[in-house]
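**Q** So you can see what is in the structure, the chains are spelled out below.
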Amino acid sequence: MLSIQNLHAGIEEKKILKGINLEIKAGEVHAIMGPNGSGKSTLASVLAGRKEYEVLEGSVTLDGKNLLELSPEERAGEGLFLAFQYPIEIPGLTTTNFIKTAVNEVRKYRGEEPLDAVAFLKMMKEKMALMEIDQRLLSRSLNEGFSGGEKKRNEIFQMAMLQPKLAILDETDSGLDIDAIRIVANGVNKLRNKDNAVLVVTHYQRLLDYIVPDFVHVLYNGRIVKSGPKELALELEERGYDFIKNELKEAV
Amino acid sequence: MNEMSAIEKTVLNDYKYGFVTNIEADEAPKGLTEDIVRFISSKKNEPEWMLEWRLKAYRHWLKMEEPKWANIKYPPINYQDIIYYSAPKQKIKPKSLDEIDPELRRTFEKLGISLDEQKRLTGVAVDAVIDSVSIGTTFKEQLAELGIIFCSMSEAIQEHPELIKKFLGTVVPITDNYFSALNAAVFSDGSFCYIPKGVRCPMELSTYFRINAENTGQFERTLIVAEEGSYVSYLEGCTAPMRDKNQLHAAVVELIAAENAEIKYSTVQNWYPGDKDGKGGIYNFVTKRGICQGNNSKISWTQVETGSAVTWKYPSVILKGDNSTGEFYSIAVTNHHQQADTGTKMMHIGKNTKSRIVSKGISAGVSNNSYRGLVHVNKKAENARNFSQCDSLLLGDKCGAHTFPYIEVKNNSAIVEHEATTSKIGEDQIFYCNQRGIDTETAVALIINGFAREVMNQLPMEFAVEAQKLLAVSLEGSVG
Ligand SMILES: Nc1ncnc2c1ncn2[C@@H]1O[C@H](COP(=O)(O)OP(=O)(O)O)[C@@H](O)[C@H]1O
Ligand SMILES: [Mg+2]
Numbered sequence: 001m002l003s004i005q006n007l008h009a010g011i012e013e014k015k016i017l018k019g020i021n022l023e024i025k026a027g028e029v030h031a032i033m034g035p036n037g038s039g040k041s042t043l044a045s046v047l048a049g050r051k052e053y054e055v056l057e058g059s060v061t062l063d064g065k066n067l068l069e070l071s072p073e074e075r076a077g078e079g080l081f082l083a084f085q086y087p088i089e090i091p092g093l094t095t096t097n098f099i100k101t102a103v104n105e106v107r108k109y110r111g112e113e114p115l116d117a118v119a120f121l122k123m124m125k126e127k128m129a130l131m132e133i134d135q136r137l138l139s140r141s142l143n144e145g146f147s148g149g150e151k152k153r154n155e156i157f158q159m160a161m162l163q164p165k166l167a168i169l170d171e172t173d174s175g176l177d178i179d180a181i182r183i184v185a186n187g188v189n190k191l192r193n194k195d196n197a198v199l200v201v202t203h204y205q206r207l208l209d210y211i212v213p214d215f216v217h218v219l220y221n222g223r224i225v226k227s228g229p230k231e232l233a234l235e236l237e238e239r240g241y242d243f244i245k246n247e248l249k250e251a252v
Numbered sequence: 253m254n255e256m257s258a259i260e261k262t263v264l265n266d267y268k269y270g271f272v273t274n275i276e277a278d279e280a281p282k283g284l285t286e287d288i289v290r291f292i293s294s295k296k297n298e299p300e301w302m303l304e305w306r307l308k309a310y311r312h313w314l315k316m317e318e319p320k321w322a323n324i325k326y327p328p329i330n331y332q333d334i335i336y337y338s339a340p341k342q343k344i345k346p347k348s349l350d351e352i353d354p355e356l357r358r359t360f361e362k363l364g365i366s367l368d369e370q371k372r373l374t375g376v377a378v379d380a381v382i383d384s385v386s387i388g389t390t391f392k393e394q395l396a397e398l399g400i401i402f403c404s405m406s407e408a409i410q411e412h413p414e415l416i417k418k419f420l421g422t423v424v425p426i427t428d429n430y431f432s433a434l435n436a437a438v439f440s441d442g443s444f445c446y447i448p449k450g451v452r453c454p455m456e457l458s459t460y461f462r463i464n465a466e467n468t469g470q471f472e473r474t475l476i477v478a479e480e481g482s483y484v485s486y487l488e489g490c491t492a493p494m495r496d497k498n499q500l501h502a503a504v505v506e507l508i509a510a511e512n513a514e515i516k517y518s519t520v521q522n523w524y525p526g527d528k529d530g531k532g533g534i535y536n537f538v539t540k541r542g543i544c545q546g547n548n549s550k551i552s553w554t555q556v557e558t559g560s561a562v563t564w565k566y567p568s569v570i571l572k573g574d575n576s577t578g579e580f581y582s583i584a585v586t587n588h589h590q591q592a593d594t595g596t597k598m599m600h601i602g603k604n605t606k607s608r609i610v611s612k613g614i615s616a617g618v619s620n621n622s623y624r625g626l627v628h629v630n631k632k633a634e635n636a637r638n639f640s641q642c643d644s645l646l647l648g649d650k651c652g653a654h655t656f657p658y659i660e661v662k663n664n665s666a667i668v669e670h671e672a673t674t675s676k677i678g679e680d681q682i683f684y685c686n687q688r689g690i691d692t693e694t695a696v697a698l699i700i701n702g703f704a705r706e707v708m709n710q711l712p713m714e715f716a717v718e719a720q721k722l723l724a725v726s727l728e729g730s731v732g
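These protein sequence lines are chains E and L, in that order.
Residue numbering for the first sequence follows my numbering, starting at 1 and increasing by one per position.
Residue numbering for the second sequence follows my numbering, starting at 253 and increasing by one per position.
Just so you know, these hints were derived from the structure itself, not from any lab.
Only a predicted model underlies this, so the values are computations on that prediction, with no experimental measurement involved.
C-beta: ideal position from N, C-alpha, C; glycine also.
Please note that a few of the clues may not be correct.
[To be verified] Some chain E residues flagged as far from chain L (calculated, every beta-carbon gap over 10 Å):
(1) 51
(2) 52
(3) 65
(4) 73
(5) 97
(6) 130
(7) 212
[What the hints assert, rightly or not] Not the full set, but computed from the structure, chain L residues with beta-carbon under 10 Å of chain E:
(8) 278
(9) 282
(10) 305
(11) 427
(12) 429
(13) 690
[What the hints assert, rightly or not] As a list, the in silico DSS-like pairs of lysine-lysine whose alpha-carbon atoms are at most 30 Å apart:
(14) 295(L) x 392(L)
(15) 51(E) x 650(L)
(16) 14(E) x 721(L)
(17) 417(L) x 325(L)
(18) 100(E) x 282(L)
(19) 295(L) x 449(L)
(20) 295(L) x 325(L)
(21) 325(L) x 662(L)
(22) 528(L) x 662(L)
(23) 230(E) x 190(E)
(24) 650(L) x 108(E)
(25) 676(L) x 100(E)
(26) 392(L) x 108(E)
(27) 721(L) x 122(E)
(28) 282(L) x 531(L)
(29) 676(L) x 51(E)
(30) 449(L) x 497(L)
(31) 497(L) x 315(L)
(32) 40(E) x 230(E)
(33) 662(L) x 497(L)
(34) 315(L) x 282(L)
(35) 320(L) x 662(L)
(36) 14(E) x 676(L)
(37) 320(L) x 597(L)
(38) 631(L) x 51(E)
(39) 18(E) x 51(E)
(40) 40(E) x 676(L)
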């Protein structure tokens, strides 16, 4: 589904990603782990099409489509979703109104009719029950005054509403207590099926107890330096990122 | 490369109301003299007292100077180069709405305003004013059954002279300021609205102003009187053709609310703002003031200002009655070279008077947007309360937002609160929307409507939708 080849990217002269290769198939969950500053958020941003980041080399395709020549909104239309590490506030814009606009814009991109108020409401109700989210939250201004946990749940709720092919979760666990992590992970698991895929970006292993990955990749200094099964996450947790660094030194 | 430089990119937006109607006009010669004032008065067949009132205003105006304190710049206005009276020539004076010149009727149809009563489903009574003259008022009979008078000012002077003599110029005296004196001398029409004691006006009353003729000033005069315990909601809309010369608009609006009465006055101001290089557009110098004359009365101003090259406007409330309330809700949008200096004055005189000010300024392009507000609490105004919130939103970094709050408190029991914020549309906000499939243009509209929501909520439903679209159109191309 997603194919990243030799991806190099940076910002303002600074090279951050230095040759990423990654293949994700439908139905799979991949985790990207790595110490702070290794380039995890940069990878997520580049995939989503943030303009500040410049792609220097390489290719990214989603179901054969060249993502790099699409605008961020077109990528969303193609089924890419990014749950932000720091969700953005928009005062005065209700969360419901925002989501309704998003859903209908994506439908428009796909040549589908917009959902009318009744159909939209029905879908909201369904997903609200699935995600265990409070209606009151959705009638408030987008992310304004939301707690950390509420913001992350709102991200996953939007994911449920948009039903993406590929969801990228950027540190969705950061700042959450264990109960909140469980709720968020539960939501993600309910949305998994054989046709979609999830890329979980995280610093810690604990989220992976709940969203169990098929593959774990270690990102270090802009490169994927190690890939393995889910046990790799546990090993990292136990031995810390230093062991990767040491392994790398030895290899040199 | 990055989003902010894209925000600076401005293109000419479509001003879809910029057409000209070809109708013959009956015009005064250019310039302003005592003879012109007499000419206008005689054209309108006015009684002697009205002419005297105008002449007094004219003579006073001659002694005054144009105000210079507002944060706006424009080349000197040549008052002798303006036509002060222009009326669409109608073959017969329409006695009923059916007799209105089809060309004029079409003009208003194009603006989305039907003068056919049957066609108006929304239950809004309209007085349509083109250039300086009211061409027709809808739903008159239905309103008359309740004792409500809703007609053009010229008609009111003929038909209800006792009311006009009693109220005209009592809130904005002819000597008040330069533009109001000018208006008093040369005003040619406007709307008059009288709600008798205890009557709740069952529909929105609305006046639609249109400038058509070239080099013409529009000076309309509106007077609304709400007697004891009555209620009225009034809406004013306006457009003008695209011309590359500036045109002057100097209106006066007076509101009078008796005991327990409430007046809600909403404006969607969409005069031609000039092109993207700042050529043409309307100079909008307006004096709007209401008085809460009786106890427990309430006056609420709501304005959505998107048009005009230059705006100078401070809808105010004199809170004379005890427990009276004044409100001012404003959205002012400036783009390209537009300049707006707008705000309000709340004059607390009675006891336990309350005022609330919510001002939302949105600036784009190289425009300048200033809020200027005065909260005055009199010595005898026990327990006065004011809350002011002034928020500015900047699109790009070549535009300006300024806030000038003046507070004069002469009574220690007053509580006056002022909050102000300035923000920019962030690139992360736009990216967040983009990532959800929303393009930049739509994202900006969402962010702006969110910013303006508190004020939008004050508008009557039918107009809120219209106003939201207008906001989006005025800022079209200023981002992305
Ligand atoms: N907008 C930016 N401007 C400059 N440097 C940046 C920017 N974004 C990220 N970086 C740098 O790129 C590196 C990778 O950052 P990031 O992708 O956020 O890492 P991670 O998410 O793994 O913690 C860091 O050194 C960071 O300082
Ligand atoms: Mg990060």
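**Q** Could you run down the list of hints and mark each one as holding or not?
**A** Consistency of the hints with the structure:
{"no.": "1", "hint": "51", "in the structure": "violated, 6 Å"}
{"no.": "2", "hint": "52", "in the structure": "violated, 6 Å"}
{"no.": "3", "hint": "65", "in the structure": "holds, 15 Å"}
{"no.": "4", "hint": "73", "in the structure": "violated, 5 Å"}
{"no.": "5", "hint": "97", "in the structure": "violated, 7 Å"}
{"no.": "6", "hint": "130", "in the structure": "holds, 19 Å"}
{"no.": "7", "hint": "212", "in the structure": "holds, 26 Å"}
{"no.": "8", "hint": "278", "in the structure": "violated, 48 Å"}
{"no.": "9", "hint": "282", "in the structure": "violated, 47 Å"}
{"no.": "10", "hint": "305", "in the structure": "violated, 46 Å"}
{"no.": "11", "hint": "427", "in the structure": "violated, 42 Å"}
{"no.": "12", "hint": "429", "in the structure": "violated, 35 Å"}
{"no.": "13", "hint": "690", "in the structure": "holds, 5 Å"}
{"no.": "14", "hint": "295(L) x 392(L)", "in the structure": "holds, 24 Å"}
{"no.": "15", "hint": "51(E) x 650(L)", "in the structure": "holds, 22 Å"}
{"no.": "16", "hint": "14(E) x 721(L)", "in the structure": "violated, 42 Å"}
{"no.": "17", "hint": "417(L) x 325(L)", "in the structure": "violated, 37 Å"}
{"no.": "18", "hint": "100(E) x 282(L)", "in the structure": "violated, 55 Å"}
{"no.": "19", "hint": "295(L) x 449(L)", "in the structure": "violated, 34 Å"}
{"no.": "20", "hint": "295(L) x 325(L)", "in the structure": "violated, 35 Å"}
{"no.": "21", "hint": "325(L) x 662(L)", "in the structure": "violated, 34 Å"}
{"no.": "22", "hint": "528(L) x 662(L)", "in the structure": "violated, 46 Å"}
{"no.": "23", "hint": "230(E) x 190(E)", "in the structure": "holds, 20 Å"}
{"no.": "24", "hint": "650(L) x 108(E)", "in the structure": "violated, 34 Å"}
{"no.": "25", "hint": "676(L) x 100(E)", "in the structure": "holds, 24 Å"}
{"no.": "26", "hint": "392(L) x 108(E)", "in the structure": "violated, 46 Å"}
{"no.": "27", "hint": "721(L) x 122(E)", "in the structure": "holds, 27 Å"}
{"no.": "28", "hint": "282(L) x 531(L)", "in the structure": "holds, 22 Å"}
{"no.": "29", "hint": "676(L) x 51(E)", "in the structure": "holds, 18 Å"}
{"no.": "30", "hint": "449(L) x 497(L)", "in the structure": "violated, 46 Å"}
{"no.": "31", "hint": "497(L) x 315(L)", "in the structure": "holds, 27 Å"}
{"no.": "32", "hint": "40(E) x 230(E)", "in the structure": "holds, 18 Å"}
{"no.": "33", "hint": "662(L) x 497(L)", "in the structure": "violated, 46 Å"}
{"no.": "34", "hint": "315(L) x 282(L)", "in the structure": "holds, 21 Å"}
{"no.": "35", "hint": "320(L) x 662(L)", "in the structure": "holds, 27 Å"}
{"no.": "36", "hint": "14(E) x 676(L)", "in the structure": "holds, 27 Å"}
{"no.": "37", "hint": "320(L) x 597(L)", "in the structure": "holds, 18 Å"}
{"no.": "38", "hint": "631(L) x 51(E)", "in the structure": "violated, 58 Å"}
{"no.": "39", "hint": "18(E) x 51(E)", "in the structure": "holds, 18 Å"}
{"no.": "40", "hint": "40(E) x 676(L)", "in the structure": "holds, 28 Å"}
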